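Student: The primary structure of each chain is shown beneath.
Protein chains: 2
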Amino acid sequence: MSAVLLDGRSIARQIREEVKSEVEDLRQTGIKPCLAVLLVGENPASEIYVASKQKACEKVGIESQMLRLPASASEREILRLVSELNSDEKVHGILVQLPLPDHIDELRVIDSIDPRKDVDGFTPENLGRLLLGKPYTVPCTPAGIVELLRHYGLQVEGSNVVIIGRSNIVGKPLAALLVQKAEGYNCTVTICHSKTRDVTWFTKSADIIVTAMGRAGFLKADMVRSGSIIIDVGINRITDVTAPKGYRIVGDADFDDLRDIASHITPVPGGVGPMTVAMLLRNTLKVARSSQWNR
Amino acid sequence: MSAVLLDGRSIARQIREEVKSEVEDLRQTGIKPCLAVLLVGENPASEIYVASKQKACEKVGIESQMLRLPASASEREILRLVSELNSDEKVHGILVQLPLPDHIDELRVIDSIDPRKDVDGFTPENLGRLLLGKPYTVPCTPAGIVELLRHYGLQVEGSNVVIIGRSNIVGKPLAALLVQKAEGYNCTVTICHSKTRDVTWFTKSADIIVTAMGRAGFLKADMVRSGSIIIDVGINRITDVTAPKGYRIVGDADFDDLRDIASHITPVPGGVGPMTVAMLLRNTLKVARSSQWNR
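From first to last, the protein sequence lines are chains A and B.
Position one of the first sequence corresponds to residue 0 (numbering that gives the first Met the number 0), numbered consecutively onward.
Position one of the second sequence corresponds to residue 0 (numbering that gives the first Met the number 0), numbered consecutively onward.
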């Protein structure tokens with residue numbers, strides 16, 4: 000048996016086309032969706048992510064504004080800028096690229112974003128709504144994972160899902176989403192992490208395994224049951240002298256080891272990553288639409 | 000073997016004494032902690048809960064204000080009252096007794112409470128902060144469960160915890176609390192519920208089982224492993240013609256069946272219930288203290 004590849008790149012393309020056409024409709028009504036992206040400092044990975052988000056916006060007709068502050072910016076400066084964006088009627092969505100420099104209280108900055116403009120779904124208000132089962136914007140990676148599974152007609156409803164990793168941007172919000180009493184969810188969810196005594200005991204019986212802890216090739220064939228679905232959120236750079244750049248990007252799952260035992264698996268890159276960006280576009284469309292009745 | 004009873008009543012008494020002495024200290028600084036309790040309609044169970052909360056406040060020197068609206072009250076009336084309480088400087092904590100009548104959007108009402116006065120920890124903002132690992136007020140039942148385990152010196156850190164039930168007031172916030180990367184937590188958490196295919200498979204290997212779904216005597220000895228810790232949040236009324244009132248209160252766990260296999264078990268009543276009320280007092284103390292720097 001060889002696993003079906005969950006081709007996030009191609010599904011994301013479809014979603015971007017849908018968003019593009021809906022953005023056009025919205026523009027007809029006089030609303031020009033606009034996303035403000037705030038980048039503090041010069042983290043190279045953040046630069047890449049931000050550039051790809053901006054490019055994706057551009058392609059679907061969403062205007063993006065890039066705002067930069069130096070790594071030395073004070074919390075007060077950042078908060079002041081967010082506050083300006085909150086009250087700027089032309090700006091529908093606000094994205095603060097994480098991580099922020101160490102001297103900044105990340106939660107305070109995120110919490111200062113108007114939840115109605117929160118395209119990442121990271122504000123406490125929006126995460127709380129998600130946990131309550133009444134989400135406004137859903138964090139992009141969790142939303143992208145669900146969307147990817149659905150596009151392949153895979154059964155999410157009622158599944159045993161094991162999530163490895165408890166980050167605020169993937170593990171915890173994904174658990175909050177999947178456990179909901181709602182059609183298409185209703186999963187039995189376990190969150191495993193660095194302090195879990197026996198991860199294999201959990202993964203061995205899971206229908207769906209989501210790896211999101213940032214350890215290259217952690218999940219191996221002997222940890223999963225035959226026929227399971229593997230969703231790999233990891234993005235790890237490993238040295239590879241044969242690669243043009245001297246490194247390559249791999250996930251948290253050992254793809255070659257797993258492809259003969261899993262029923263479905265996401266490649267890295269090209270699996271969850273493009274879905275995350277597609278969901279950002281969809282969230283931006285959503286907040287732009289909502290702006291009609293927020294005012 | 001016979002399980003150790005986790006005597007919530009006696010631990011709650013200790014906590015109330017501590018709160019009482021801290022309330023006295025706070026009064027010395029000129030702050031008279033005050034909790035406003037809003038009850039809409041005449042649900043008999045709610046009447047009992049509210050009365051017991053008010054009595055508990057009184058005993059520790061927390062002033063409580065009872066506000067009643069008829070079951071026919073409009074959402075607008077409720078929101079107006081909450082808004083008045085939000086801006087009333089003499090009121091430190093606000094508790095809206097749930098459930099609200101069917102025609103009221105419960106989330107909208109809860110969301111209208113100033114998170115700084117939210118003694119139940121039910122606002123989206125506070126639930127989001129909990130999920131992010133930076134809680135302000137923690138919902139009372141989850142907080143009470145952790146407190147009870149700690150008072151008995153039981154190992155929470157790193158445990159396999161299975162929670163049965165995904166309510167917004169117990170199951171989901173408890174999972175959000177226990178999974179955190181923080182000393183004394185770090186649990187591997189599974190949430191089971193009505194759509195879980197094989198609850199026993201999960202409970203059989205749990206170190207700690209929390210039943211919170213409202214089904215009398217659901218958890219039985221053949222579903223747990225020897226030596227597990229059983230925390231029973233259920234409060235179910237069952238007919239008993241031999242009882243003075245014609246009924247008695249039982250939990251979700253079959254106490255008599257489990258007491259020879261569990262290492263520790265909470266009685267119902269007298270286990271989690273009194274801890275919940277004690278945590279409400281502690282949260283009220285907390286919001287009253289915070290009012291000093293909120294202004």
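Possibly wrong hints are sitting among the right ones.
Any copy will do: because identical chains look the same in the list, a pair fits if it lies in one copy or spans two.
[As the list claims (entries may be wrong)] Here are the simulated SDA-like pairs of lysine to any residue, each with C-alpha atoms no more than 25 Å apart in a straight line: (1) Lys58 to Ile260; (2) Lys203 to Ser20; (3) Lys219 to Tyr48; (4) Lys89 to Asn167; (5) Lys180 to Glu146; (6) Lys19 to Lys180; (7) Lys285 to Val108; (8) Lys219 to Asp259; (9) Lys194 to Arg149; (10) Lys203 to Ser289; (11) Lys203 to Gln53.
Rather than coming from a laboratory, the hints here were simulated on the basis of the structure.
Note that the structure is a prediction, hence the values are computed from the model and not measured.
Student: State for each hint whether it applies.
Tutor: Tested hints:
Taking identical chains as interchangeable, the C-alpha atoms of Lys58 and Ile260 are never at most 25 Å apart, the minima being 38 Å within one chain and 62 Å between chains. In this assembly of identical chains, the alpha carbons of Lys203 and Ser20 never lie at most 25 Å apart, being 43 Å within a copy and 51 Å across copies at closest. Taking identical chains as interchangeable, the C-alpha atoms of Lys219 and Tyr48 are never at most 25 Å apart, the minima being 28 Å within one chain and 51 Å between chains. Proximity of Lys89 to Asn167 under the C-alpha cut-off of 25 Å is found in neither arrangement, the shortest distances being 29 Å within a copy and 36 Å between copies.
Taking identical chains as interchangeable, the C-alpha atoms of Lys180 and Glu146 lie at most 25 Å apart only when both belong to the same chain, with a minimum of 17 Å there against 28 Å between chains. Taking identical chains as interchangeable, the C-alpha atoms of Lys19 and Lys180 are never at most 25 Å apart, the minima being 31 Å within one chain and 40 Å between chains. With identical chains, the CA atoms of Lys285 and Val108 are at most 25 Å apart both within one copy (22 Å) and between copies (24 Å). When the C-alpha separation of Lys219 and Asp259 is checked against a cutoff of 25 Å, the pair qualifies only within one copy, where the shortest distance is 11 Å, while the shortest distance between copies is 40 Å.
Proximity of Lys194 and Arg149 under a CA criterion of 25 Å is satisfied inter-copy only: 19 Å between copies versus 31 Å inside one chain copy. Taking the shortest alpha-carbon separations for Lys203 and Ser289, neither the intra-copy value of 43 Å nor the inter-copy value of 47 Å comes in at or below 25 Å. Taking the closest pair of Cα atoms, Lys203 and Gln53 never come within 25 Å of each other, the shortest separation being 40 Å inside a single copy and 49 Å across copies.
This entry does not satisfy hints 1, 2, 3, 4, 6, 10 and 11, going by the numbered hints stated previously.
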